[in-house]
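Residue numbers (our numbering), protein chains in the order written: chain C, 22 to 225; chain G, 144 to 523.
Keep in mind that the hints are not guaranteed to be accurate.
When the alpha-carbon atoms are kept at most 35 angstroms apart in a straight line, the in silico DSBU-like pairs for lysine-lysine are as follows [said to hold, decoys possible]:
#: 1; chain 1: C; residue 1: Lys166; chain 2: C; residue 2: Lys127
#: 2; chain 1: G; residue 1: Lys505; chain 2: C; residue 2: Lys46
#: 3; chain 1: C; residue 1: Lys110; chain 2: C; residue 2: Lys46
#: 4; chain 1: C; residue 1: Lys127; chain 2: G; residue 2: Lys491
#: 5; chain 1: G; residue 1: Lys505; chain 2: C; residue 2: Lys109
#: 6; chain 1: C; residue 1: Lys110; chain 2: G; residue 2: Lys491
#: 7; chain 1: C; residue 1: Lys150; chain 2: C; residue 2: Lys188
#: 8; chain 1: G; residue 1: Lys159; chain 2: C; residue 2: Lys46
#: 9; chain 1: C; residue 1: Lys109; chain 2: G; residue 2: Lys514
#: 10; chain 1: C; residue 1: Lys110; chain 2: C; residue 2: Lys127
#: 11; chain 1: C; residue 1: Lys111; chain 2: G; residue 2: Lys505
#: 12; chain 1: C; residue 1: Lys166; chain 2: C; residue 2: Lys110
#: 13; chain 1: G; residue 1: Lys366; chain 2: C; residue 2: Lys131
#: 14; chain 1: G; residue 1: Lys514; chain 2: G; residue 2: Lys491
#: 15; chain 1: C; residue 1: Lys46; chain 2: C; residue 2: Lys145
#: 16; chain 1: C; residue 1: Lys131; chain 2: C; residue 2: Lys166
#: 17; chain 1: G; residue 1: Lys159; chain 2: C; residue 2: Lys127
#: 18; chain 1: G; residue 1: Lys505; chain 2: C; residue 2: Lys131
#: 19; chain 1: C; residue 1: Lys131; chain 2: C; residue 2: Lys46
#: 20; chain 1: C; residue 1: Lys131; chain 2: C; residue 2: Lys109
#: 21; chain 1: C; residue 1: Lys150; chain 2: C; residue 2: Lys180
#: 22; chain 1: C; residue 1: Lys110; chain 2: G; residue 2: Lys514
#: 23; chain 1: G; residue 1: Lys366; chain 2: G; residue 2: Lys491
#: 24; chain 1: G; residue 1: Lys159; chain 2: G; residue 2: Lys263
#: 25; chain 1: C; residue 1: Lys145; chain 2: G; residue 2: Lys514
#: 26; chain 1: C; residue 1: Lys188; chain 2: G; residue 2: Lys159
#: 27; chain 1: C; residue 1: Lys110; chain 2: G; residue 2: Lys366
#: 28; chain 1: C; residue 1: Lys180; chain 2: G; residue 2: Lys159
#: 29; chain 1: G; residue 1: Lys159; chain 2: C; residue 2: Lys150
#: 30; chain 1: C; residue 1: Lys166; chain 2: G; residue 2: Lys159
#: 31; chain 1: G; residue 1: Lys263; chain 2: C; residue 2: Lys46
#: 32; chain 1: C; residue 1: Lys127; chain 2: G; residue 2: Lys514
#: 33; chain 1: C; residue 1: Lys109; chain 2: G; residue 2: Lys366
#: 34; chain 1: C; residue 1: Lys127; chain 2: G; residue 2: Lys366
#: 35; chain 1: G; residue 1: Lys514; chain 2: C; residue 2: Lys111
#: 36; chain 1: C; residue 1: Lys127; chain 2: C; residue 2: Lys46
#: 37; chain 1: G; residue 1: Lys505; chain 2: G; residue 2: Lys491
#: 38; chain 1: C; residue 1: Lys188; chain 2: C; residue 2: Lys127
#: 39; chain 1: C; residue 1: Lys131; chain 2: G; residue 2: Lys491
#: 40; chain 1: G; residue 1: Lys366; chain 2: C; residue 2: Lys111
The set of hints was computed from the structure by calculation and includes no laboratory data.
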Amino acid sequence: MTPQTRETDGPAWASEQGNLEALFKRYYRPLVVFANTYVHCLEEAEDIVQEQFVKLWGNGNLERVPEGALSTYFFTVVKNACINFLEKKKLPFGSLDFSHYQIAYKEAEKLDDETVNAITTALKALPEKTRQVVECVILNERSYKEAATELSVSINTIKTLLRLGLKTLRETLQDQRALLLFFHLFIHPFFKKSCFTANTQNKQ
Amino acid sequence: MDSFIEETIIACLQGKSTREQEDNLRAWIDESEENRAAYERFCAEYYRLNYAGAWREINERQARRRIFTGKARPSRQPWYLSSAAAAVLLTVGIGWLAWPNGARELPALSTELVQGGARKATLILNDGTAVTLSPGSVVDVGYARAEDDSSSGLTYRSLEASSPARVEYNTLVVPRGGIYLMTFSDGTRAWLNAETSVRYPVVFEGRTREIFMDGEIFLEVAKDSERPFIVHTATTTTRVTGTSFNVMAYPGERVTEITLASGKVTVNAGDATLALLPGEQARVDNASLETTKHAVNRAYYTSWRAGLFDFDGMNLEELCTRLGRWYNVDFVFVSPPARSRTFTGAVKRDNNLQFMLDFIEKTSNVRFEIKGATIEVHDL
Numbered sequence: 022m023t024p025q026t027r028e029t030d031g032p033a034w035a036s037e038q039g040n041l042e043a044l045f046k047r048y049y050r051p052l053v054v055f056a057n058t059y060v061h062c063l064e065e066a067e068d069i070v071q072e073q074f075v076k077l078w079g080n081g082n083l084e085r086v087p088e089g090a091l092s093t094y095f096f097t098v099v100k101n102a103c104i105n106f107l108e109k110k111k112l113p114f115g116s117l118d119f120s121h122y123q124i125a126y127k128e129a130e131k132l133d134d135e136t137v138n139a140i141t142t143a144l145k146a147l148p149e150k151t152r153q154v155v156e157c158v159i160l161n162e163r164s165y166k167e168a169a170t171e172l173s174v175s176i177n178t179i180k181t182l183l184r185l186g187l188k189t190l191r192e193t194l195q196d197q198r199a200l201l202l203f204f205h206l207f208i209h210p211f212f213k214k215s216c217f218t219a220n221t222q223n224k225q
Numbered sequence: 144m145d146s147f148i149e150e151t152i153i154a155c156l157q158g159k160s161t162r163e164q165e166d167n168l169r170a171w172i173d174e175s176e177e178n179r180a181a182y183e184r185f186c187a188e189y190y191r192l193n194y195a196g197a198w199r200e201i202n203e204r205q206a207r208r209r210i211f212t213g214k215a216r217p218s219r220q221p222w223y224l225s226s227a228a229a230a231v232l233l234t235v236g237i238g239w240l241a242w243p244n245g246a247r248e249l250p251a252l253s254t255e256l257v258q259g260g261a262r263k264a265t266l267i268l269n270d271g272t273a274v275t276l277s278p279g280s281v282v283d284v285g286y287a288r289a290e291d292d293s294s295s296g297l298t299y300r301s302l303e304a305s306s307p308a309r310v311e312y313n314t315l316v317v318p319r320g321g322i323y324l325m326t327f328s329d330g331t332r333a334w335l336n337a338e339t340s341v342r343y344p345v346v347f348e349g350r351t352r353e354i355f356m357d358g359e360i361f362l363e364v365a366k367d368s369e370r371p372f373i374v375h376t377a378t379t380t381t382r383v384t385g386t387s388f389n390v391m392a393y394p395g396e397r398v399t400e401i402t403l404a405s406g407k408v409t410v411n412a413g414d415a416t417l418a419l420l421p422g423e424q425a426r427v428d429n430a431s432l433e434t435t436k437h438a439v440n441r442a443y444y445t446s447w448r449a450g451l452f453d454f455d456g457m458n459l460e461e462l463c464t465r466l467g468r469w470y471n472v473d474f475v476f477v478s479p480p481a482r483s484r485t486f487t488g489a490v491k492r493d494n495n496l497q498f499m500l501d502f503i504e505k506t507s508n509v510r511f512e513i514k515g516a517t518i519e520v521h522d523l
């Protein structure tokens, strides 16, 4: 089957719907969660990232980005758009000099379905009250005080359960990471190899 | 890490921190390496969990619709507007490409992404036709052919044995942020720096080989004692037979510099004629045509060709002019005293702009600020 070619303004290597699709799949969710660390509203974060995608598809700027720098480029463009958004809306955005934005970028860049699944599973395994506290403070971004009111417990309980929850999660995920590493080092290559063999056989 | 600092970090991450909390956190981080490490670990954990929560709530399907088909979010636009827009799109039949793009403001200059000189140039033929060069370009120019090959750049070869009736000239123009290598019909090689143009006959005929330039060119002249090679700038004429040297003659700059790397040249400016030996430089004041000769470290003036910025006590104003040419950006001196600060060092030219700015900031008392597409220079 010959690949379908199409005249677009997009870069040569992304001129097929398939490749745009690949870029979208790889970057959309990571960029949205990253944008959310600035704007703290998932809907706005999605809006900002979508707008950047539309712009990038249209203006041919992607063409000028070396493939290796694509990730940095996407994240930088989104970061700038977020700051512009906050400035325009006159919303506070704290100090941008903290290194946590750098960390937010690194974490977002390496996130994938597999990691998310592992975290969600570990979260579900927490004791009910602890899970609620972790979700309330970290997933729903409530302050200690807001969380205390919402869950009708004392601020001290929030503090204690949050620490406990984070500690348990850390341990669970560490074990899982070891398992994952084992999988990637020893089992995955074998699978890959057998898939490859299957493919070549199919072609013949 | 106590829960007080934990609460402070969380407030900062959630964008709800007060100035006081931020100052406290900053002080705490700076207190020790352990604190910094603990803070960074905590942030990473926080984000991982926070992201995992958001991940599933992201509506990919709706995003896909907007990005791939150009349909706006229904909630953002009254239905009659979006359907009108859709109707227009259908009528014109240009689909998602028609989504407005350039109209909105461009993202601010991202210095980490700005790379210096790419290999780009435009060739202007005798009849004024402009050709954008790309690897592998072949241009027939009457009795000669110019072929762009990766090792010797744009290379001219004569197609006919006999002399043509009329001399044809080409002009090679390298823009800001560009660099180019070319080989003239006699085998002389020329490295053209950013913002440079050179005019030359497609085949050297007669008793001399003459070119006209402005900007900066490093030349390796093919030996031919019968036919001197002559380089004209607005104010100087340099005559050689076989040698390598650098000519810097940017319009708007105070001086023109000719630096000899090897061989022998004579430089003529106004009434003065100077003979240069390797490692010597002729400096010509473009206004008064006053001409002086100096011994210089030739590397400072010729290393750009080898991919280096080599600055020896260069003042910041000149340095920024050079960076501006190479990265195609503009510098503005907000603090005038910063202009005359000097800078010494050598940096590889293939670093990105951010690296350059950091390097200069670290080694001299200035600070850069990115404002849109220009870079402001402040005194510390």
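- Could you grab the alpha-carbon distance between lysine 127 of chain C and lysine 366 of chain G and see if it respects the 35 angstroms cut-off? Status violated; Cα separation ~56 angstroms.
- Query: When you check the alpha-carbon spacing of lysine 188 of chain C and lysine 159 of chain G, does it fall within 35 angstroms?
  - Reply: Measuring from Cα to Cα gives roughly 25 angstroms; hence the hint holds.
- Is the straight-line distance between the alpha-carbon of lysine 131 of chain C and that of lysine 166 of chain C 35 angstroms or less? holds, 32 angstroms
- Taken at face value, is the distance from the CA of lysine 491 of chain G to the CA of lysine 131 of chain C at most 35 angstroms? holds, 31 angstroms
- Task: With a cut-off of 35 angstroms on the C-alpha distance, tell me whether lysine 188 of chain C and lysine 127 of chain C pass.
- Result: holds, 22 angstroms
- For the pair supplied as a hint, lysine 145 of chain C and lysine 514 of chain G, is the alpha-carbon distance within the 35 angstroms limit? violated, 47 angstroms
- Sort out whether lysine 505 of chain G lies within 35 angstroms of lysine 111 of chain C, counting only the CA atoms. holds, 33 angstroms
- 35 angstroms limit on alpha-carbon distance, applied to hinted pair lysine 110 of chain C and lysine 366 of chain G: Violated: lysine 110 of chain C and lysine 366 of chain G sit about 67 angstroms apart, past 35 angstroms.
- Task: Take a quick look at whether lysine 159 of chain G and lysine 263 of chain G sit within 35 angstroms of each other, Cα to Cα.
- Result: This hinted pair is violated, its Cα atoms lying about 49 angstroms apart.
- Message: Can you confirm whether the C-alpha distance between lysine 150 of chain C and lysine 188 of chain C stays at or below 35 angstroms?
- Response: holds, 15 angstroms
- Item | Pair hint lysine 110 of chain C and lysine 491 of chain G, alpha-carbon separation not exceeding 35 angstroms | violated, 41 angstroms
- Mind checking the alpha carbons of lysine 110 of chain C and lysine 46 of chain C for me, to see if they're no more than 35 angstroms apart? The given pair, whose Cα atoms are some 30 angstroms apart, holds under the 35 angstroms limit.
Hint check: violations occur at hints 2, 6, 13, 24, 25, 27, 33, 34 and 40; the rest are consistent with the structure.
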